[in-house]
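Got chain P; can you put chain V on it based on the hints?
One line per chain: the protein sequences are P and V, in this order. Just so we're aligned, residue 1 is where the first sequence starts under this note's numbering, counting upward by one. Just so we're aligned, residue 475 is where the second sequence starts under this note's numbering, counting upward by one.
You may find that some hints are simply not true.
[What the hints assert, rightly or not] Restricting the straight-line Cα-Cα distance to at most 27 Å, the calculated cross-link-like pairs of lysine-lysine (DSSO-like) are:
hint, chain 1, residue 1, chain 2, residue 2
1, V, K565, P, K378
2, P, K363, V, K675
3, P, K130, P, K35
4, P, K318, V, K612
5, V, K597, P, K453
6, P, K453, V, K675
7, V, K932, P, K130
8, P, K318, V, K675
9, P, K409, P, K35
10, P, K78, V, K838
11, P, K35, V, K503
12, P, K318, V, K571
13, P, K97, V, K499
14, P, K97, V, K832
15, V, K499, P, K363
16, V, K565, P, K363
17, P, K449, V, K675
18, P, K394, V, K909
19, V, K503, P, K32
20, P, K449, V, K695
21, P, K130, V, K499
22, P, K318, V, K876
23, V, K503, P, K130
24, V, K932, V, K786
25, V, K565, P, K375
26, V, K909, P, K130
27, V, K909, P, K35
28, P, K130, V, K942
[What the hints assert, rightly or not] Stretch by stretch, here's where chain P covers chain V in the computed footprint (C-beta under 8 Å, at least three residues):
hint, segment
29, 631-638
30, 679-689
31, 899-905
[To be verified] If you anchor each label on the Cβ, the simulated ranges turn out as follows:
hint, chain 1, residue 1, chain 2, residue 2, range
32, V, R787, P, A457, 38 to 46 Å
33, V, A572, P, E371, 26 to 34 Å
34, P, G459, V, G843, 35 to 43 Å
35, P, E57, V, D811, 29 to 37 Å
36, P, I36, V, A495, 31 to 39 Å
Hints are computed from structural coordinates only; laboratory data are not their basis. Just so it is clear, CB atoms sit at the ideal spot from N, CA and C, and this is done for glycine as well.
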Amino acid sequence: MTRRLLFGALLATAALAQTVPSYQQLVYPPLKQVKIPEPVTFTLKNGMRVFLLEDHELPVVNGLALVRTGNLFDPPDKRGLSSVMADVLRSGGTRAKTGDQIDEELENIAASVESNMGETNASLSFSGLKETAGTALHVFKEVMTDPEFRQDKIDLSITQMDSGIDRRNDDPQGIAEREISSIIYGRDNSYGWSIEHADMARIQRADLQQFYRRYYFPKNVMLAVYGDFSAAEMRGQIEALFADWNVEQPPVPAFPTVTSKPAPGVYLAEKSDVTQTFFAMGELSGTLRDPDYPALEVAVNILGSGFTSRLMSQIRTKLGLAYSIGAGWGANYDHPGTFRIVGSTKSASTTEAIQAARAELEKMRAAEVTEQELKTAKDAVLNSFVFFFDSPAKTLNRVMMYEYFGYPKDFLFEYQKKVTAVTRADVLRVMRAHTNAANLSIVAVGNPKDFGKPLSAAGKVEKIDLSIPPVSAK
Amino acid sequence: MTFRFALFLLVPALLAAQSVADLQKSFEKQVTEFTLANGLHFIVIERHDAPVVSFHTYMNVGSVDDPSGETGLAHMFEHMAFKGTPTIGSKNWPAEKAAMDAVEVVYDRLEAERNKGPRADPKKITAIQMELEAAMEKADSYVEPSEYDRVVESNGGLDMNAGTGEDSTNYYYSFPSNRIELWFLLESERFLRPVFREFYKERDVVREERRMRVESSSQGKLVEMLVATAFAAAPYHNEPVGWASDIEHFRRPAAERFYRQYYVPANMTLGIAGDVNPAEARRLAEKYFGRLPARPLPSQYRTQEPVQEGEKRVTVSSPAQPFLILAYKRPDRHSPDDAALAVLDAVLSDGRTGMIYKDMVRDKQMALGAGSQPQFPGGKYPSLFLLYAAPSTGRSSEENEKELYRIIEQVKSTKVDEQTLARVKTKLRAALIRKLGSNTGLAVELCSYYVNYGDWRKLFTELDDYDKVTAEDVQRVAKTYLVPEHLTVAHTLVPEGGAK
Numbered sequence: 001m002t003r004r005l006l007f008g009a010l011l012a013t014a015a016l017a018q019t020v021p022s023y024q025q026l027v028y029p030p031l032k033q034v035k036i037p038e039p040v041t042f043t044l045k046n047g048m049r050v051f052l053l054e055d056h057e058l059p060v061v062n063g064l065a066l067v068r069t070g071n072l073f074d075p076p077d078k079r080g081l082s083s084v085m086a087d088v089l090r091s092g093g094t095r096a097k098t099g100d101q102i103d104e105e106l107e108n109i110a111a112s113v114e115s116n117m118g119e120t121n122a123s124l125s126f127s128g129l130k131e132t133a134g135t136a137l138h139v140f141k142e143v144m145t146d147p148e149f150r151q152d153k154i155d156l157s158i159t160q161m162d163s164g165i166d167r168r169n170d171d172p173q174g175i176a177e178r179e180i181s182s183i184i185y186g187r188d189n190s191y192g193w194s195i196e197h198a199d200m201a202r203i204q205r206a207d208l209q210q211f212y213r214r215y216y217f218p219k220n221v222m223l224a225v226y227g228d229f230s231a232a233e234m235r236g237q238i239e240a241l242f243a244d245w246n247v248e249q250p251p252v253p254a255f256p257t258v259t260s261k262p263a264p265g266v267y268l269a270e271k272s273d274v275t276q277t278f279f280a281m282g283e284l285s286g287t288l289r290d291p292d293y294p295a296l297e298v299a300v301n302i303l304g305s306g307f308t309s310r311l312m313s314q315i316r317t318k319l320g321l322a323y324s325i326g327a328g329w330g331a332n333y334d335h336p337g338t339f340r341i342v343g344s345t346k347s348a349s350t351t352e353a354i355q356a357a358r359a360e361l362e363k364m365r366a367a368e369v370t371e372q373e374l375k376t377a378k379d380a381v382l383n384s385f386v387f388f389f390d391s392p393a394k395t396l397n398r399v400m401m402y403e404y405f406g407y408p409k410d411f412l413f414e415y416q417k418k419v420t421a422v423t424r425a426d427v428l429r430v431m432r433a434h435t436n437a438a439n440l441s442i443v444a445v446g447n448p449k450d451f452g453k454p455l456s457a458a459g460k461v462e463k464i465d466l467s468i469p470p471v472s473a474k
Numbered sequence: 475m476t477f478r479f480a481l482f483l484l485v486p487a488l489l490a491a492q493s494v495a496d497l498q499k500s501f502e503k504q505v506t507e508f509t510l511a512n513g514l515h516f517i518v519i520e521r522h523d524a525p526v527v528s529f530h531t532y533m534n535v536g537s538v539d540d541p542s543g544e545t546g547l548a549h550m551f552e553h554m555a556f557k558g559t560p561t562i563g564s565k566n567w568p569a570e571k572a573a574m575d576a577v578e579v580v581y582d583r584l585e586a587e588r589n590k591g592p593r594a595d596p597k598k599i600t601a602i603q604m605e606l607e608a609a610m611e612k613a614d615s616y617v618e619p620s621e622y623d624r625v626v627e628s629n630g631g632l633d634m635n636a637g638t639g640e641d642s643t644n645y646y647y648s649f650p651s652n653r654i655e656l657w658f659l660l661e662s663e664r665f666l667r668p669v670f671r672e673f674y675k676e677r678d679v680v681r682e683e684r685r686m687r688v689e690s691s692s693q694g695k696l697v698e699m700l701v702a703t704a705f706a707a708a709p710y711h712n713e714p715v716g717w718a719s720d721i722e723h724f725r726r727p728a729a730e731r732f733y734r735q736y737y738v739p740a741n742m743t744l745g746i747a748g749d750v751n752p753a754e755a756r757r758l759a760e761k762y763f764g765r766l767p768a769r770p771l772p773s774q775y776r777t778q779e780p781v782q783e784g785e786k787r788v789t790v791s792s793p794a795q796p797f798l799i800l801a802y803k804r805p806d807r808h809s810p811d812d813a814a815l816a817v818l819d820a821v822l823s824d825g826r827t828g829m830i831y832k833d834m835v836r837d838k839q840m841a842l843g844a845g846s847q848p849q850f851p852g853g854k855y856p857s858l859f860l861l862y863a864a865p866s867t868g869r870s871s872e873e874n875e876k877e878l879y880r881i882i883e884q885v886k887s888t889k890v891d892e893q894t895l896a897r898v899k900t901k902l903r904a905a906l907i908r909k910l911g912s913n914t915g916l917a918v919e920l921c922s923y924y925v926n927y928g929d930w931r932k933l934f935t936e937l938d939d940y941d942k943v944t945a946e947d948v949q950r951v952a953k954t955y956l957v958p959e960h961l962t963v964a965h966t967l968v969p970e971g972g973a974k
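Chain P with its partners taken away, still in its complex shape (with noise of 0.2 Å):
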């Protein structure tokens, strides 16, 4: 500290003199060492983990369940179900009170509690001011032991997912994003499905009790709460809240393993409302532990992650072809991801930018990146690395999401190491390794009338047809 004040005071003298310096020309005092916050951890009787964290800058308590499921587990002719019960959890209040009347009760205290169904977990979560978070915590108890799912608030889910279906054409990018998704992984399968009314005119109540009760148990629940309480009163409030959960349910399965085989090939979806196309190509990318990942990361920042990626620089600023362009690794936890690059360009210059967007990955794999770009994207990772610990809230959640996918406490750190080490040599071999053109999948979302260059110079053109089936036709 002292030398850097020192360092301040020849700084100062300098700016007598009327001289700035040039960014080049600038030195670093070195990073003050990071606080990282230890988590308190401890598992209840009755199997539920808990994690909990104190922060007390603002009045606020903050909570979020991890329960292991996910709409991996959705049965084929009930695609939805799990969203639907999600939904419900919260909507359909619990056996002593109506959803309506938890609402006010929580809006009153300004308080929320909320349900939510993703790929590989639900999550359930609360917040509240502190001075009433004992009630907002009930009501999340409430909610997570004692759901009624009362079937109004079924009838309204099911209305709405069904307007959601029928409005998923309307945004031109979620079209192409989902559609090389359901390429990328098949149709046949929960990875790659889409939800159809059908589904939702066969979804019964039953069917919610049932998907919640094998789920939906304390062994198969985490819970991290942080905010303004001292842990010590909070565990002791925890340990009294859920005493009286003792479900039990067999351990919940694996989730399905991907088993998709490429489908390359040019996919075109029609749409006359729009003024650019937005294309989206990819193919299966791979996990977090793959040895190979952290090279991964720092080779497709090179190719499209920020500003000064190749593709920024080539298609947005060198030929202004789009505004938004990018790729992503997109590696997961626990099963493959997708590989994917994703832009958007006027109509007539969808063939062009789509064979530009290609050539990019192509000179990836061709020839070794420059030092200048190797250390842009190290440094980038490196130097960035400090806000993964800029709030409490994300060491707690990473802390748990560590130990509910099984990863070391210490990956983080570990990629850390493995991103320095990187070098041009390893970001040809993995782009090699992992990448193929021959597996390609290319989605282009737009009005074929006015492509200049047709589609078909990417490509032979398969069509997608994009017409929502009514309930009747499955």
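Leaving out everything else, chain V in the frame of chain P:
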């Protein structure tokens, strides 16, 4: 078990009031302000928990300041602010400057020929266009591409971006706290000596941005038509991205003129939040930003909207699912009715207990989503109070529109009950508390309140304004402003042949 929590059910009406008062007191100690001799104002917020800092540059200039025939120019400058300076982004500045000037000479000739209208010689135009391409290519050959971005990103800069709104233009990113000086250097340089390199390529990028945000989005098109219809004369008539033909004709000298007129130090407020020492910040501010020459503030006068004398209606033909907006004229943010309008909005649509949600989404299930917004598209000048609905499958826009009118009649004829009023005020307090937990949020909020109200403390004291709002006030502002003569209705309409 339940008894332990029963006492919490007796909720005091002004829950969180003490918390907010305490927080404002502690903020007084965390916040340091100073103004440089050139008029530039700094707000420094200390939060030392993590060695990171967020920076926010709030320019009191937006699309309301776009010159006529050059809509979108404020936004165009925002894009140019990432193009560097003579020393950042050039391989050879003297040669690059000469080449950039040569581009303008050729472009002037092109415009001169085009201006002849029907007497223009198409062959000449083609020839000059080719010359122009070559001149641009030459200028671009001196560019060190994306150098400004590269310096920020490789130093660990995070979430770098900028946005142009109707009222303001905002630039922001975060650095690890040992790189504070780099921000002072880069940010002062780009507003001291911006170079508008690659201007015409970036113009294409901006044109693509318009295609993406407006032309390829049914809601984007609808909102553009809504403001164009609701505002006959006031500058809120134009969206920040500008009209397509204006974008396509931007010239570099026009953007430079705009910069000189509006990017003056006294029009600029800088927020720094995080692990920062205010004394050091001041020293660096003097050193780097003290170099910006003082210039007069631009005029604040803008064409005023005449009183609307009857309902207006606009439809956008779209195969997308329907969307509906009702927009009522309302006064600017300095109106004594501003707080009551904010409370009315919260009564109508905040959370799961808002009137519109309960009635239209939850109980009658006629809308997938519906709500209100108290102030759109800006607050500096008189603007709009919005109500909107996305009808559920099989339910019509007409039905949703009628229901919104019914709700409006209800708030005009029946006073809101005391419990609802207390709930809304508590939620407004809690929303403020939750805003204070991030560096990026603090930097922008304090800048914004300082610029718009003259004091960042208004962020806290506006809660007192909300507290003073009575049920009578809510009823009164509904009766005053939600009137048919001041209404504009915008909705999408599925063309003949049905939705796709």
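Keeping to a limit of 27 Å between CA atoms, is the pair of K130/P and K35/P held or broken?
Status holds; Cα separation ~24 Å.
Does the segment 899-905 of chain V contain three or more residues whose Cβ lies closer than 8 Å to a Cβ of chain P?
holds (count 5)
Is the hinted pair K503/V and K130/P satisfied, with a Cα-Cα distance of at most 27 Å?
With Cα atoms ~22 Å apart, K503/V and K130/P stay inside 27 Å; holds.
Quickly compare the C-alpha distance for K97/P and K499/V to 27 Å and report which way the hint goes.
Answer violated: K97/P to K499/V is near 39 Å, above 27 Å.
Need the status of pair K453/P, K675/V: alpha-carbon distance at most 27 Å?
holds (21 Å)
Mind checking the alpha carbons of K565/V and K378/P for me, to see if they're no more than 27 Å apart?
holds (24 Å)
Lying within 35 to 43 Å: is that true of the beta-carbon distance G459/P to G843/V?
Since the Cβ atoms of G459/P and G843/V sit about 39 Å apart, the hinted range of 35 to 43 Å holds.
For the pair supplied as a hint, K318/P and K876/V, confirm whether the alpha-carbon distance does not exceed 27 Å.
Measuring from Cα to Cα gives roughly 51 Å; hence the hint is violated.
CA of K932/V to CA of K786/V, is that 27 Å or under?
violated (35 Å)
Taken at face value, is the distance from the CA of K363/P to the CA of K565/V at most 27 Å?
Holds. K565/V to K363/P sits at ~25 Å (cutoff 27 Å).
Would you check the hint for K318/P and K675/V, treating anything up to 27 Å between C-alpha atoms as holding?
holds (7 Å)
For the pair supplied as a hint, K97/P and K832/V, is the alpha-carbon distance within the 27 Å limit?
holds (17 Å)
Of the numbered hints given earlier, the model fails hints 13, 15, 22, 24; all others are met.
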